[in-house]
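Asker: Spelled out from the first residue to the last, the chains are:
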Amino acid sequence: MASPLIQLNGIERTFHMGEIDVHVLKGITLTINQGELVALVGSSGSGKTTLMNILGCLDRPSKGEYRLDGEEISRLSNDGRALVRNRKMGFVFQNFNLLPRTSALEQVIMPLSYTASGMSDRQARERGKELLRKVGLGERMDHTPSQLSGGQQQRVAIARALVNRPPVLFADEPTGNLDSKTTQEVLKMFQDLNRDEGITIILVTHDPVVAATAKRNIRLKDGLLESDFIVESPSLPQEAHA
Amino acid sequence: MTVSTILKTALRALRRNITRSLLTVLGIVIGIAAVIAMMEIGKGSSSSISKTISSMGANNLMIMPGTASSGGVSFGAGSSLTMTAEDAEAIKRDCPAVGRVAPVVRARTQVVFEERNWVPSFIYGSTPEYLQVREWGNLVEGEMFTDVDVRTSARLCVVGQTIVKQLFGGMSPVGKEIRIQSVAFKVIGVLSSKGANAFGMDQDDVILAPWTTIKYRVTGSSGSGAAAGGNAAASSTTNSVYPGASAIFPVPAANKEPTPVRFANIDQIQASATSPAQIKEAIKQITEVLRERHRLRPGEPDDFSIRDMTESANALASTTNMMTNLLLAVALISLIVGGVGIMNIMLVSVTERTREIGLRMAVGARARDILTQFLTEATILCLIGGIVGLLLGRGSAMLVEKFLRWPVEASMEAVIASIATSAVVGIVFGFYPAWKASRLDPIEALRYE
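Protein chains in written order, with the working numbering: chain A, 1417 to 1658; chain E, 539 to 987.
Errors might be hidden in some of the hints.
Pairs of lysine-lysine residues, derived as BS3-like cross-links and limited to a Cα-Cα distance of at most 27 Å, are as follows [said to hold, decoys possible]:
{"no.": "1", "chain 1": "E", "residue 1": "K589", "chain 2": "E", "residue 2": "K546"}
{"no.": "2", "chain 1": "A", "residue 1": "K1504", "chain 2": "E", "residue 2": "K703"}
{"no.": "3", "chain 1": "E", "residue 1": "K974", "chain 2": "E", "residue 2": "K940"}
{"no.": "4", "chain 1": "A", "residue 1": "K1637", "chain 2": "A", "residue 2": "K1550"}
{"no.": "5", "chain 1": "E", "residue 1": "K630", "chain 2": "E", "residue 2": "K732"}
{"no.": "6", "chain 1": "A", "residue 1": "K1545", "chain 2": "E", "residue 2": "K822"}
Per the computed footprint, the stretches of chain E lying under chain A, defined by three or more beta-carbons under 8 Å from a beta-carbon of chain A, are [stated by the list, open to error]:
{"no.": "7", "stretch": "936-945"}
{"no.": "8", "stretch": "974-985"}
Since the hints were made in silico from the structure, they are not lab data.
Virtual Cβ for every residue (Gly too), placed ideally from N, Cα, C.
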């Protein structure tokens, strides 16, 4: 098995709603190795989105340790976490979150402008084109979101998430706004990326069919781990919807 | 982020909502355009006012001989006989703050042309430079006498508009002969009209002739008129107004010490400072030169007095100041209005683009990247507004000049100031929205609907 990429140890998260403290995560300990394709499942209110935010470095745990690549990152400053997000993580959202009236290519290379990589403008565009070709949008680089279908928009978002070659990709209900056919396409793409490039992918979903395409399922309930099991033979997206 | 990426990102964001960007900019455009146009028109009128006032003599200096007194009886300003034409030349030579200098000999007497006669307010003997001292402009007809004519005491003169009317009945006087106290003068030129001076005296009621001619042929019946001769007849003005009064004037200098023999005394020297601001300096330099030439010991009082047109100079300064302050107030108000517009739209824009901000933060933008981006957008908007406003302002000032024929003057300071203020407005009024954007929580921003 590959080395551990993500190590959570006793992660708790409490929100202060006025007088009341709401304990959303009550102590999560888990390890995710490099190259895994994990589905984070649970009913709504189970805390999976909160856990996702902590994993994605968008939020800080109230308690506990979070090691990414062996580095403790739960106590980093805002700027430090921004850097981690930029270099090590890619995000795919349910509602795509593309910039309006901006071409697909510009969307994809946008994260590079926050990277102190010294990449020239031309190199950045080359990288963007390469990724768009990879997600099958080589012909639509100049299209704006309104000229793209939902599936195409999500593929642009995936290309954007990959532009900095992150070791881990977070997808929050990536198929929530897609029809069954494009859902298959997107899930297939995740499986391919995981298999061919070894990118660790963490999917948040409430859909058991989507979860069944992952290699490992982590189920949350009321802020605690309910189950964590390896899927013996992850279904291919086509079969899932057959 | 590099500067070029920041600029590119900001421009792209502004282009995404081009109509709104343009409308936002409009406030600044109008503000700056108004400022520029007002400044140019204001500066134009203020310099034309300044020209008018200086043609009334704002930077003129009048140097009068000092007061003579005898046995405790003072004879009033200008009664001393110590000032000479050489003094005028020395002032011109040695005083850098003085632009033009002309010696003046005055007379007041009857002038006759054929069967008409007239007593002009001013019969001045001077040099050709007198016209420049008084900023009299060109002659409407004929020409001015020359320095050579001054040296040879030529009997030539130029006349003012009032003389043309009174003595010649409106017909051209050039080439005609007039007699001033039975001396025949040939009229060779006609002065342009200057109107009344600040004291209501008709400045066109004038005859100008070489000072030597007036001195020796008209007023100075004694010929050389040397003060050393003890002949007081040279005090020309009083002499001609009150004929026969000369006897009461003793030779004042003779009472003090041996007076050096002077070529000829003159009644006054008129000079102009190089600019109104130089008047004080010019007075100082003239005082030094004249004290030196008149061999006055330290502590001895001046034997001359210098008068300037302080009143008109002050009027000029206060007019200009008031104009500038007024424009400044207008500028400030219009820029504040424009700035509030920018702030308003930037706040709307931040709210509207909350998800974008969240996304940018999620992919690695730091708070300061977001701050920079929005601040840059606001500043670019203001700068564009400033530049467009500048062109518009210049354009409308030019139109005003062309169609209304108002004097207009381009001002580099106004250009620099308006560009700088529009940038400052962008930064000041763009800061709060940008700061607000940078404080957003990425999780909430991403979920914002």
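Asker: Let me make sure I understand: some of the numbered hints might not hold for this structure. Which ones are they, in numerical order?
Answerer: Hints 1, 2, 3, 4, 6 and 7 contradicted; others consistent.
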